[in-house]
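Given chain A, work out where chain B should sit, using these hints.
Protein chains: 2
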Amino acid sequence: MLQLIRAGRASTRAELVEVTGLARSTIVQRIDALLAHRLIYDAGGGASTGGRPSTVFAFHRDAGVVLAADLGATRCHLAVVNLGNEPLAELSADLSITEGPERVLGWVRDRFAELLTHAGRSAAEVRGIGIGVPGPVAFVTGQAVNPPIMPGWDGFSIPSWFTGSYQVPVLVDNDVNIMAIGEHWTHWRDIDHLLFVKAGTGIGCGIIANGAIHRGAQGAAGDIGHIQITDREDAVCRCGNIGCLEAVAGGGAMAQRLTRAGMAASNSRDVVRLVRGGSREATSMVRGAGREIGRVLAAAVNLFNPSVIVFGGDLAHAHEHLLAGVREEVYRRSLPLATRHLRILHSELDERAGIIGAAVMVIEHILAPAAVDRALLG
Amino acid sequence: MLQLIRAGRASTRAELVEVTGLARSTIVQRIDALLAHRLIYDAGGGASTGGRPSTVFAFHRDAGVVLAADLGATRCHLAVVNLGNEPLAELSADLSITEGPERVLGWVRDRFAELLTHAGRSAAEVRGIGIGVPGPVAFVTGQAVNPPIMPGWDGFSIPSWFTGSYQVPVLVDNDVNIMAIGEHWTHWRDIDHLLFVKAGTGIGCGIIANGAIHRGAQGAAGDIGHIQITDREDAVCRCGNIGCLEAVAGGGAMAQRLTRAGMAASNSRDVVRLVRGGSREATSMVRGAGREIGRVLAAAVNLFNPSVIVFGGDLAHAHEHLLAGVREEVYRRSLPLATRHLRILHSELDERAGIIGAAVMVIEHILAPAAVDRALLG
Numbered sequence: 003m004l005q006l007i008r009a010g011r012a013s014t015r016a017e018l019v020e021v022t023g024l025a026r027s028t029i030v031q032r033i034d035a036l037l038a039h040r041l042i043y044d045a046g047g048g049a050s051t052g053g054r055p056s057t058v059f060a061f062h063r064d065a066g067v068v069l070a071a072d073l074g075a076t077r078c079h080l081a082v083v084n085l086g087n088e089p090l091a092e093l094s095a096d097l098s099i100t101e102g103p104e105r106v107l108g109w110v111r112d113r114f115a116e117l118l119t120h121a122g123r124s125a126a127e128v129r130g131i132g133i134g135v136p137g138p139v140a141f142v143t144g145q146a147v148n149p150p151i152m153p154g155w156d157g158f159s160i161p162s163w164f165t166g167s168y169q170v171p172v173l174v175d176n177d178v179n180i181m182a183i184g185e186h187w188t189h190w191r192d193i194d195h196l197l198f199v200k201a202g203t204g205i206g207c208g209i210i211a212n213g214a215i216h217r218g219a220q221g222a223a224g225d226i227g228h229i230q231i232t233d234r235e236d237a238v239c240r241c242g243n244i245g246c247l248e249a250v251a252g253g254g255a256m257a258q259r260l261t262r263a264g265m266a267a268s269n270s271r272d273v274v275r276l277v278r279g280g281s282r283e284a285t286s287m288v289r290g291a292g293r294e295i296g297r298v299l300a301a302a303v304n305l306f307n308p309s310v311i312v313f314g315g316d317l318a319h320a321h322e323h324l325l326a327g328v329r330e331e332v333y334r335r336s337l338p339l340a341t342r343h344l345r346i347l348h349s350e351l352d353e354r355a356g357i358i359g360a361a362v363m364v365i366e367h368i369l370a371p372a373a374v375d376r377a378l379l380g
Numbered sequence: 003m004l005q006l007i008r009a010g011r012a013s014t015r016a017e018l019v020e021v022t023g024l025a026r027s028t029i030v031q032r033i034d035a036l037l038a039h040r041l042i043y044d045a046g047g048g049a050s051t052g053g054r055p056s057t058v059f060a061f062h063r064d065a066g067v068v069l070a071a072d073l074g075a076t077r078c079h080l081a082v083v084n085l086g087n088e089p090l091a092e093l094s095a096d097l098s099i100t101e102g103p104e105r106v107l108g109w110v111r112d113r114f115a116e117l118l119t120h121a122g123r124s125a126a127e128v129r130g131i132g133i134g135v136p137g138p139v140a141f142v143t144g145q146a147v148n149p150p151i152m153p154g155w156d157g158f159s160i161p162s163w164f165t166g167s168y169q170v171p172v173l174v175d176n177d178v179n180i181m182a183i184g185e186h187w188t189h190w191r192d193i194d195h196l197l198f199v200k201a202g203t204g205i206g207c208g209i210i211a212n213g214a215i216h217r218g219a220q221g222a223a224g225d226i227g228h229i230q231i232t233d234r235e236d237a238v239c240r241c242g243n244i245g246c247l248e249a250v251a252g253g254g255a256m257a258q259r260l261t262r263a264g265m266a267a268s269n270s271r272d273v274v275r276l277v278r279g280g281s282r283e284a285t286s287m288v289r290g291a292g293r294e295i296g297r298v299l300a301a302a303v304n305l306f307n308p309s310v311i312v313f314g315g316d317l318a319h320a321h322e323h324l325l326a327g328v329r330e331e332v333y334r335r336s337l338p339l340a341t342r343h344l345r346i347l348h349s350e351l352d353e354r355a356g357i358i359g360a361a362v363m364v365i366e367h368i369l370a371p372a373a374v375d376r377a378l379l380g
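One line per chain: the protein sequences are A and B, in this order. Here the numbering used here is used: the first residue of the first sequence is 3, the next is one more, and so on. Here the numbering used here is used: the first residue of the second sequence is 3, the next is one more, and so on.
For reference, chain A alone in the conformation it holds in the complex (with noise of 0.2 angstroms):
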């Protein structure tokens, strides 16, 4: 009933009966209970077809806040959003995921707080936490998997560290995923199948099937940065194998590589920094990485048949070398019915795509119907 009235499709207690076919007394004592925990409001008289006019209900956007959180390796992005993910407050800042989770959710928590008081809302009003992490996530625990460049962080319960502040459903998720789940609720939700590839240091994808995000039986799915595509000795990663897409592709190894040609790289932000600054070596470098992504992106095109394949991470910035050469290999690779229609294109959200995504993960599960349920009977 909350997903009609959300989505517009019923707004009175005639036409709920009508849509849903539930017994009148039902309507009105669902209505009575989501009224109470101020899920919905009255918005006024209606029109009516004679009579008196009959109540319009809306769904109440600000009932609650969730607070969101993408941490990257080196960067974090945190908001408050209400429940139609309206950010309310954000931030931006340099951060360490080395550290270890007790310190940066510590810091993650205190500026929380720092956030909600600048929102004019209080810690009552949180309903949902959503966290992204760069690396592999046991979804349904909320711990990190053996995260390659996470040390500290294997098999940490990041729900439970919230718990001493805030009593509610804590969901963590892959960076990348929430990425995906946000670009898709931004621009693409009219589309079944995207896949969101994030080009950084690292190199991930996120999979909408159907309208929603695959996370796969270990919540492992989308990660392509550990396929092997060479046997060369040299490419080394640093998951410990050879010939990952990552120790080729990935801006790490990029800058690696440049340093050893005699250009100061660090990362793949210093990558970019020389593709802009007209290094040619440096833009060979990216359009080839393009190519070797794309080689993978041919074979994922093959299996999985998406409509959209979208490109976010600091690699994407590099104007348009790394796409020109995933188009050139997907368009050559792929089998001709799957690319007939299909697109690769830059994100348009770019940094925000994972803190919106990781508040639509949160919004939807606690507006889901079972979750509603809970709360009303609870």
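These aren't lab readings, by the way, just hints derived from the structure by calculation. Using N, Cα and C, we set each Cβ at its ideal position, and we do this for glycine too. Treat the hints loosely; a few may be bogus.
Claimed, not checked - Stretch-level coverage of chain A by chain B, calculated; a stretch enters the list once three of its residues show a Cβ under 8 angstroms from a Cβ in chain B:
#1 16 to 27
#2 92 to 102
#3 166 to 179
#4 204 to 215
#5 299 to 306
#6 340 to 347
As the list claims (entries may be wrong) - Derived Cβ-Cβ restraints for the label pairs, each shown as a range:
#7 B:Ser98 to A:Val21: 49 to 59 angstroms
#8 A:Asn148 to B:Ala377: 44 to 54 angstroms
#9 B:Leu93 to A:Arg26: 49 to 59 angstroms
#10 B:Trp109 to A:Gln5: 45 to 55 angstroms
Using the frame of chain A, we list chain B on its own:
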């Protein structure tokens, strides 16, 4: 409601009121409509908690039949099943898809008529038809799209062809997709994410994501046979490209290589015959093909993170040699997190996976809530 009765979750009017929250008057009306359409029947009085016993309703499996055909490149399987997917009559025969749609479908229609007679059912009892074909299909229209091994079928509307004989829904899908559906429905209903790989003359993959078949944006998903795995000029694929997986590890390609080495083989069944006969060349070749398929699947496992990979098709009959090669590469190259609980095994349904899946596809379609609603109102 029909879903609840089919699943055994509710069988009396009172239970239906409780489970659905629908008004009793709505339930009574729906039950009457379902009874009138013979989709349920009165299974007698049930246990009562006092007072008169309540009527128990059960799903009427024999309220109609479904016709299913799995058309491979050179073999076909046909069946008449009831709405519980219990086979009433079956048939397997050699049939070349290259004879074109008119001849092939004419033959299928005649056999369907014979199977109906054999099962003691009439054409009027047919509620739907499911067809699998060995090529990409635009599922919405039921047309094959640029199918490489189906000359004359491109753009041919298979559903329209049947409307002269049967005015019922006709669903058409890729043969590997229906095999995946059949295998999932029979053995893996509790598993959300599964890949079904058919390795025969060609190589294809059916994807079950979140419990349902993933067809992708153009119905092209799962076409792993044309993922490019090598730049070797001699690996010319029947699709016209160079270096496709199929051109290296497909049964047709292996038969050609064995023939050049002096062993008579014209298709994947001949390759299997040689392996079973103890040929070292053929065995080593099949194991090598398993490794090539394994390399592609290692990437698919990183991308999609399934719990189970099931192998069907002729080459799966080459004892354990194919799967040994596959496992070698997948467990070596995929992420530990994604392979920790991954099972890779043979199809138990074997040749019957396709017709079972074609029938499931149609039964779920015609008994879906929206379809039943339309039928009850219409």
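Is the listed coverage of the segment 166 to 179 of chain A by chain B valid when you require three or more residues with a beta carbon under 8 angstroms from a beta carbon of that chain?
violated (count 0)
Within 8 angstroms of chain B's CB atoms, at least three CB atoms from the segment 16 to 27 of chain A: coverage verdict:
Check passed, 4 qualifying residues.
C-beta pair Trp109 of chain B, Gln5 of chain A: status relative to the range 45 to 55 angstroms that was hinted:
holds, 49 angstroms
Quick check: the segment 299 to 306 of chain A, covered by chain B? Criterion 3+ residues, Cβ under 8 angstroms.
Held - the segment 299 to 306 of chain A has 6 residues with a Cβ nearer than 8 angstroms to chain B, which meets the minimum of three.
Against chain B, does the segment 92 to 102 of chain A show at least 3 residues with beta-carbon separation below 8 angstroms?
Answer violated; 0 residues pass the 8 angstroms Cβ test.
Do the Cβ positions of Ser98 of chain B and Val21 of chain A conform to the proposed distance bound of 49 to 59 angstroms?
holds, 52 angstroms
Residues of the segment 204 to 215 of chain A with Cβ under 8 angstroms from chain B, three needed, outcome
holds (count 5)
Take the segment 340 to 347 of chain A, compare each residue's beta carbon with every beta carbon of chain B, and decide whether three or more fall closer than 8 angstroms.
holds (count 4)
Go ahead and decide if the range 44 to 54 angstroms is satisfied by the Cβ distance of Asn148 of chain A to Ala377 of chain B.
With Cβ atoms ~51 angstroms apart, the hint holds.
Status of the given 49 to 59 angstroms range, CB of Arg26 of chain A versus CB of Leu93 of chain B
Given range 49 to 59 angstroms: holds, Cβ gap about 54 angstroms.
Violated hints, in rising order: 2 and 3; the structure is consistent with all others.
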